[in-house]
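Novice: Since each chain sits alone in its own frame, please combine them into the complex, following the hints.
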Amino acid sequence: MIRDITLGQYYQADSVVHRLDPRTKLLGTLVYLISLFVFTKAWVFVAAATFLLICIFLSKVPFSYMLKGLKPILFILLFTLVLNMLFTKGTVLVSWWKFSITEEGLKQAGYMGTRLILLILGSNLMTLTTTPTRLTNAMEHVMKPLKVIHVPVHEIAMMMSIALRFIPILLEETDRIMKAQLARGADFESGNIIKKAKSFIPVLVPLFISAFRRANDLAMAMEARCYHGGNGRTQYRPLKYKGRDFAAYILLLIYLAAVIVIGKFLNL
Amino acid sequence: MKKKNKEAAPSAKRKVSSFLSIRNLKYEYIRRDEENNVEGITTAVDDVSLDVKEGEFIAILGHNGSGKSTLAKHINAILFPEEGEVILDGMDTKDEEKLLDIRRTAGMVFQNPDNQIIGQVVDEDVAFGPENMGIPTDEIAQRVEESLKTLGMWDYRDSSPNRLSGGQKQRVSIASVIAMHPKCIILDEPTAMLDPRGRYEVIRAARALNEVEGITIILITHYMEEVIHAHRVFVMDKGRVKMEGTPREIFSRVQELKEMRLTVPQVTELAWELKKSGLRIPDGILTREELVKEILKLVSSRTGVSS
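Top line first, the protein sequences correspond to chains H and V. Under my numbering, the letters of the first sequence match residues 9 to 276, in that order. Under my numbering, the letters of the second sequence match residues -6 to 300, in that order.
Isolated chain V, as found in the complex (with noise of 0.2 Å):
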């Protein structure tokens, strides 16, 4: 895909050392009762900073209720903070006359495929997009064939999307949004309604999109498995940012992740297990290869030792 920076922020802007910057971030939900009056608050994201490369594949975790939402839906000016600010590529979220184009920088995945995809056929859902920004006809084709292609959907594009399995949907919505030349693309727990070969196929796509287009990925999730590929990782907890740090520096808190009812993935949990079991086996396993190699490496000392 040939990334056509026209609409590129001028060079003084670059001078912001991060693409995405979060400064306390604090956002409320009030609830109130029939006559207005204020029933409850619920504060969903509370005091958060944090900031972003730009390339980066980044993961945010959290249990139920825990404001990843929340906080991925301030990130393309679809909710607006109350206090602290977001600044996406230079631009202030709260700046109103640059809300079309922090939308196009940050495109967003949502949870459930088939309350966001809009056209009755595949190709015309991903030329929603294009044609949202104006493009010319002539570029949305080129824009519709060459997404659907990276998403490897271009065989289904005349197909109607009840047709398409969870999947094949969500990746729809990603060639949806890749039609739109984000820089950023932000998914908002787009597993959580997919079986697991197709939570497989859009977390794949995610990672080609980051490795091979450099596109910045921000990846809301509580499925631990899929944050392990990460560059960072950042854990919410009751609206805050609790933990922060590579996947590996994660995962290797099982305890604490635990106390946040936050379930690690099965072979680190095994690792964990083994260690606390009062096998040498280093913290933060990731993958079954590790855990494999570092039994190995356990057998063969122990056969070592005793030959």
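So here's chain H without its partners, still in its complex pose (with noise of 0.2 Å):
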């Protein structure tokens, strides 16, 4: 059934890095992330590598499945080797009517393939390890400095959390319209592009008319249960870093120690 499906990409087990607390996750990957910017040396990357390795192992996530979400990034991965190995200036290796493969070319390509494998990865350990409630949750708090600017960070994390609940009624009510117009004879299948996202009119505009009205609803419920804003607002089940999360803020810590070494002090 449509209503059973799971948002993000959440890969349920019970596992110490699923127990972390989201901030810690969220500013971890972060932190990893531009990691992998500073430095371009190979022992870098294979500190970031194995950093992720162990990360993986200790989530219980299958590995198989990690490699699965590399796949929607695969036409970008080549287009980016191609581009680095061809048009990067140095010593030529291999030379072939206006094209020339260079040795800086090749190192190049190497670097930036890793690098975007890793990254791809390391968010997605992320998302796999996190629910998006967990998420959007931490998200409030990690942006909370971001009130002194005025920025309505209760604001957007409430619409968030009701965006991520309301995704799977919508898609019902889609489901639900769609069967509807397909009784009165409605043909979503045949014709080129524009005639088919011109048949969908037919299920967007009652779709958005019945988006506004469970939001007039919604807003009028909210009212209704006291809600006038973030302030003054308690929590009910507030985020609280425990043992685990200062271990694994140390083993940040130890990561980021050695891939500043690596990068900056080793000749290697």
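Bear in mind the hints are in silico, worked out from the structure with no lab data behind them. By construction, the Cβ of each residue, glycine as well, lies at the ideal position given by its N, Cα and C atoms. There could be a bad hint or two in this list.
Stated by the list, open to error - Pairwise CB distance ranges, derived in the manner of DEER restraints:
id, chain 1, residue 1, chain 2, residue 2, range
1, H, Ala265, V, Glu206, 56 to 66 Å
2, H, Gln20, V, Glu266, 12 to 22 Å
3, H, Leu41, V, Thr35, 54 to 64 Å
4, H, Ala219, V, Thr35, 23 to 33 Å
5, V, Pro129, H, Lys79, 42 to 52 Å
6, H, Ala191, V, Asn57, 19 to 29 Å
7, H, Ala219, V, Gln248, 39 to 49 Å
To be verified - Below are the EDC-like pairs computed for lysine to aspartate or glutamate, each with C-alpha atoms no more than 16 Å apart in a straight line:
id, chain 1, residue 1, chain 2, residue 2
8, H, Lys97, H, Glu112
9, V, Lys19, V, Glu76
10, V, Lys235, V, Glu76
11, H, Lys248, V, Asp40
12, H, Lys272, H, Asp253
13, V, Lys91, H, Glu231
Specialist: Structure follows, in structure tokens:
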């Protein structure tokens, strides 16, 4: 049934990584992603890959499952590789017509490729081990300092979590409207792209009307339950750092130190 | 459920005889065209006055467009009266400073269960109200447990609301209101979108809250079967209260109800038809048992005469 769809790509498992505070994972991922871009050295990537492999191992998410996450970026990956290989100037290795593959090009392509793969795997690990709810919760906490410059942090988080709640409901509604229009002889299959897009108008119009009506109802229900923004609001399940989170932060610091040492001081 | 009435009004205000008093309430929906010209005015609520005592189970009946939902939305200050006044537990709903107090005193359950559940997990939704009220974390957990247990939904606390049946969703909605410890719950057509089983679940829950917890219930509905347990019934038509009385009094006026396009419960209708065709059956039969008893009485009296 359409209502059973899981949002995001949460992989249910009982592991240390799953149990970590979402803030830890969010900040950790951020630091990890930045670390991939600071240095361009082979050994830095080795360190990054090792760190990621340890995390994947701890998360109990099967490695094959992680690799599946790379599929959508396969095209971009190949594109980057080819571009980097062909258009970097340097010592020519192979030459053909106007193109030439250089040693520097190969190196550059290798770095960019590794960087992309680690980037996707790293961020996927976070979304695979954290439910969208907890992630929204973490974002609200992490973004709190932005309140000083009047970013409506609480409102953004509230909107995200309501959106998450209503996506399955609206999907079901879309399904129902499509069936209703099919029963009236609508044709969503034939024709070129423009014709197909046009045939979706009779689905989108009722969907939007219904979405607005739902929004109106929901706003009223929230008001009836004393909602008045984030001020003076308490939390049912406040995020709390536990021992394992400090351990994770220490591990992250060790990784960061290692990357800096390798990248800056070692000449391998 | 323990009721902590820390927020209870000072005893001086208790002098107000009724818990909810609505005086000459009038509300109009004004339809405007694109140039903001008035196209038409619909008077949704027209000069309505009614009083409710604390702990009562009130039902407001009416056909679609009779103004019953508009009336309900005035009670917890979602709509504000244009004329007249609404006093809830000593607070005027027009008093903006009392807005949150009014809404925590009178909770509201709406018609569409999908459009009033905010949380992605059942217990998070129940916690939403207390969170808004600034209740400390420990107490929220306690309230969530209490109210889910009261409504028999504790086992579903970790479920996604999307996987529950309609009746279960409405029970979650009621639990969410209960967690705010209201003195009064307004149920605005809570069963209109449910199957018979879901309707039964919701009405039973509402009755239990009234009888066990002493919470004032205001049930808005157009299903006649649901009001037979109410203490008092108000029938609305075209924005006005047309009838008021106990369910028995109301249902003995079958002809008038029919004129307002309301259908009486099957049993009541059958009894009414039997009476019309000449049998000596009293007005206002509400349950099957009552009708059976009356018919048996009739039968035994006849056989008594003949023997």
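Novice: If a hint holds in the structure, say so; if it doesn't, say that too.
Specialist: Hint by hint, here is what the structure shows:
1. Remark: the range hint 56 to 66 Å for alanine 265 (chain H) to glutamate 206 (chain V) is upheld by a beta-carbon distance near 60 Å.
2. A hinted range of 12 to 22 Å is violated for the C-beta pair glutamine 20 (chain H) and glutamate 266 (chain V), which are about 59 Å apart.
3. About 57 Å separates the C-beta atoms of leucine 41 (chain H) and threonine 35 (chain V), a value consistent with the hinted range of 54 to 64 Å.
4. The hinted range of 23 to 33 Å is satisfied by alanine 219 (chain H) and threonine 35 (chain V), whose Cβ atoms lie roughly 25 Å apart.
5. Against the hinted window of 42 to 52 Å, the Cβ-Cβ separation of proline 129 (chain V) and lysine 79 (chain H) comes to about 47 Å, which satisfies the hint.
6. Checked against the given bound of 19 to 29 Å, the beta carbons of alanine 191 (chain H) and asparagine 57 (chain V), roughly 26 Å apart, stay inside it.
7. The beta-carbon spacing between alanine 219 (chain H) and glutamine 248 (chain V), approximately 44 Å, falls within the hinted interval of 39 to 49 Å.
8. The straight-line distance between the Cα atoms of lysine 97 (chain H) and glutamate 112 (chain H) is roughly 7 Å, inside the 16 Å bound, and the hint therefore holds.
9. For the proposed pair lysine 19 (chain V) and glutamate 76 (chain V), the alpha carbon gap of about 5 Å is at most 16 Å, so the pair holds.
10. For the hint pairing lysine 235 (chain V) with glutamate 76 (chain V), the CA-to-CA distance comes to about 19 Å; that exceeds 16 Å, so the pair is violated.
11. For the proposed pair lysine 248 (chain H) and aspartate 40 (chain V), the alpha carbon gap of about 54 Å is over 16 Å, so the pair is violated.
12. For a cut-off of 16 Å, the pair hint linking lysine 272 (chain H) to aspartate 253 (chain H) is broken: about 28 Å separates their Cα positions.
13. As the CA atoms of lysine 91 (chain V) and glutamate 231 (chain H) are separated by approximately 14 Å, the hinted pair is consistent with the 16 Å bound.
Hint compliance for this structure: hints 2, 10, 11, 12 are broken, all remaining hints hold.
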